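Take the given structure of chain U and dock chain L to it, following the hints.
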Amino acid sequence: MDERTLLCENYGMSSQTTNHLRTLIDAREICKNYGQTTALYNLSFRLKQGEILGLLGPNGAGKTTAIDIILGLLTPTSGEVRVLGKVPSRHRHSIASRINFCSGDSDLPANLKVCENLRIFARLYGVKHVEKKISALLKTFEIDHLGNRVAGALSSGEKTRLNLAKSLINDPVLLILDEPTSSLDPDMADKVRKIIKDVQVEKEMGILYTSHNMAEVEHLCDRAMFIHKGKKIVEGTPEEIRRHCSTSSLEEAFIKMVRTP
Amino acid sequence: MTDSLRRISTMFLRYLYLHKRSLPRTLELVFWPVTELLVWGFLTIYVQTMVEDSVSQLVVFLINAMIFWDILYRSQQGVTISIMEEIWHQNLMNLLVSPLRLWEWLMATFLYGMLKSLVITLILTVIAILLYHFNMVTSLGFALIPLAANLLLFGWALGVFTSAILLRWGYAAEALIWGIPFLVQPLSAIYYPLSVLPNWIQPISRCLPSTYVFEGMRAVLNKGIVPYAHYFAAFALNAVFFLVGAVFFNWLFKSALSSGRLVRLGMD
Chain U
1 MDERTLLCEN YGMSSQTTNH LRTLIDAREI CKNYGQTTAL YNLSFRLKQG
51 EILGLLGPNG AGKTTAIDII LGLLTPTSGE VRVLGKVPSR HRHSIASRIN
101 FCSGDSDLPA NLKVCENLRI FARLYGVKHV EKKISALLKT FEIDHLGNRV
151 AGALSSGEKT RLNLAKSLIN DPVLLILDEP TSSLDPDMAD KVRKIIKDVQ
201 VEKEMGILYT SHNMAEVEHL CDRAMFIHKG KKIVEGTPEE IRRHCSTSSL
251 EEAFIKMVRT P
Chain L
1001 MTDSLRRIST MFLRYLYLHK RSLPRTLELV FWPVTELLVW GFLTIYVQTM
1051 VEDSVSQLVV FLINAMIFWD ILYRSQQGVT ISIMEEIWHQ NLMNLLVSPL
1101 RLWEWLMATF LYGMLKSLVI TLILTVIAIL LYHFNMVTSL GFALIPLAAN
1151 LLLFGWALGV FTSAILLRWG YAAEALIWGI PFLVQPLSAI YYPLSVLPNW
1201 IQPISRCLPS TYVFEGMRAV LNKGIVPYAH YFAAFALNAV FFLVGAVFFN
1251 WLFKSALSSG RLVRLGMD
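Chains as they are written, first to last, in this note's numbering: chain U, 1 to 261; chain L, 1001 to 1268.
Isolated chain U, as found in the complex (with noise of 0.2 Å):
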């Protein structure tokens, strides 16, 4: 058992505090290769109800490739996935109307207005009482004044938002957050954080986060997990990383452990 692996374990174990409730996301040893290149090796963690989990590592470290396979949009090479109990590639409907995403690399049809892209999605989703939701999630991210503007005239923080209220449409018990605030300004960024927080207690909701803004996951995030080059380095609370790394903050602890060879 090599050293990095070593402290996966050591630091798994702020996920006990959370054993009474269920398991939303249970990835064992999940590997993906293409060709000879290797995306994610052995990678396995558990996401609680509840629970906000930091998905963090550079550019290329393997983030997006779990998100696919968590979707159910990609399939593994070997290991298995559960999500809500299931297999994502096999079962993708029987869970697909529990969780959502919202993506930097996923957009809404620009030439729909607002409203019309949310009520899509509420349609999609069999959500009950589609235009009080609308009106709600409008209001909850700032942008009830833009419900009769086509996504395409949105500027690129409004079309986040806009994503963010596509994203909570369904009150999925499973959010997956992929960079949510990176195009937000500091304000609004803020405020983003604060709805998912409070949007998250509220409804006792799992969310996977991912951010290349470490003092948000430091913020935001119950646990975080740090994978580089497809493998699983350091899991913990952001407490637990910092003191791993001996480090002060979690932008250090992450720059010290893409810099350690």
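These are computed hints drawn from the structure, not numbers from a lab.
Predicted model, so just to flag it, every value in this text is computed and none were measured.
Check each hint, because a few of them may be wrong.
With a Cα cut of at most 30 Å, we get these calculated BS3-like pairs of lysine-lysine [stated by the list, open to error]:
#, chain 1, residue 1, chain 2, residue 2
1, U, Lys197, U, Lys159
2, U, Lys133, U, Lys197
3, L, Lys1254, U, Lys229
4, U, Lys231, L, Lys1254
5, U, Lys203, U, Lys86
6, U, Lys113, U, Lys86
7, U, Lys139, U, Lys194
8, U, Lys132, U, Lys191
9, U, Lys86, L, Lys1254
Below, chain L without anything else, positioned relative to chain U:
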């Protein structure tokens, strides 16, 4: 001048890069000229064989064939463009992660394709009546329904094939998927009878439901007979095309899930 040449050659290289990485883009280069040459070449052969009296009948065939061709084309495009639209707008992941099942999505695109076909057919029929005094409804009578239904079905089946190609190759296949109906065009004996085609092409044409529709159309217009055999052959072949299309779609979708191409669509 040297700088200009460098910039010109750089941009030239930029466009060549696309072909280096994409077979569909390269195939598209030869696709359109070849299909056009085939369609108009066979039509010319047909006209040369006609006796003088039947030339006026040719006009009726051509107008009807053109309207029928549009039913097939619009129904295929209704499916393909709807899926292309989601790739253009980077909305594919949102849909694939939602509870929408693939067959439900395809059904919605079928309905959209049918609506497009219906609207276009109505418009073209009215224009043909007003400008050319040709009424497709009275000329074909009840035969219009099974013939048009078969074209609609074949358009959907082709749409399933082209959608699978889209989900596998994304933007790279865009130019080619626009043209796939035109690959079927010269083989379907749309503007000329099947007998005009060379002997070695005829067995291929007989494998297409559209061939029986256009042969059936000419049988009604020319001889006034009800082409039951053509209806059944077209329906049976459509069933085969749907079955093979579903298997092809499923295979390419699973392959895209495994290779990660599905989440990288729009980047090729």
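Here's how the hints hold up against the structure:
no. : hint                   : in the structure
1   : U/Lys197 <-> U/Lys159  : holds (20 Å)
2   : U/Lys133 <-> U/Lys197  : holds (19 Å)
3   : L/Lys1254 <-> U/Lys229 : holds (26 Å)
4   : U/Lys231 <-> L/Lys1254 : holds (26 Å)
5   : U/Lys203 <-> U/Lys86   : holds (21 Å)
6   : U/Lys113 <-> U/Lys86   : violated (35 Å)
7   : U/Lys139 <-> U/Lys194  : holds (14 Å)
8   : U/Lys132 <-> U/Lys191  : holds (22 Å)
9   : U/Lys86 <-> L/Lys1254  : holds (18 Å)
Violated hint: 6 only; the structure is consistent with all others.
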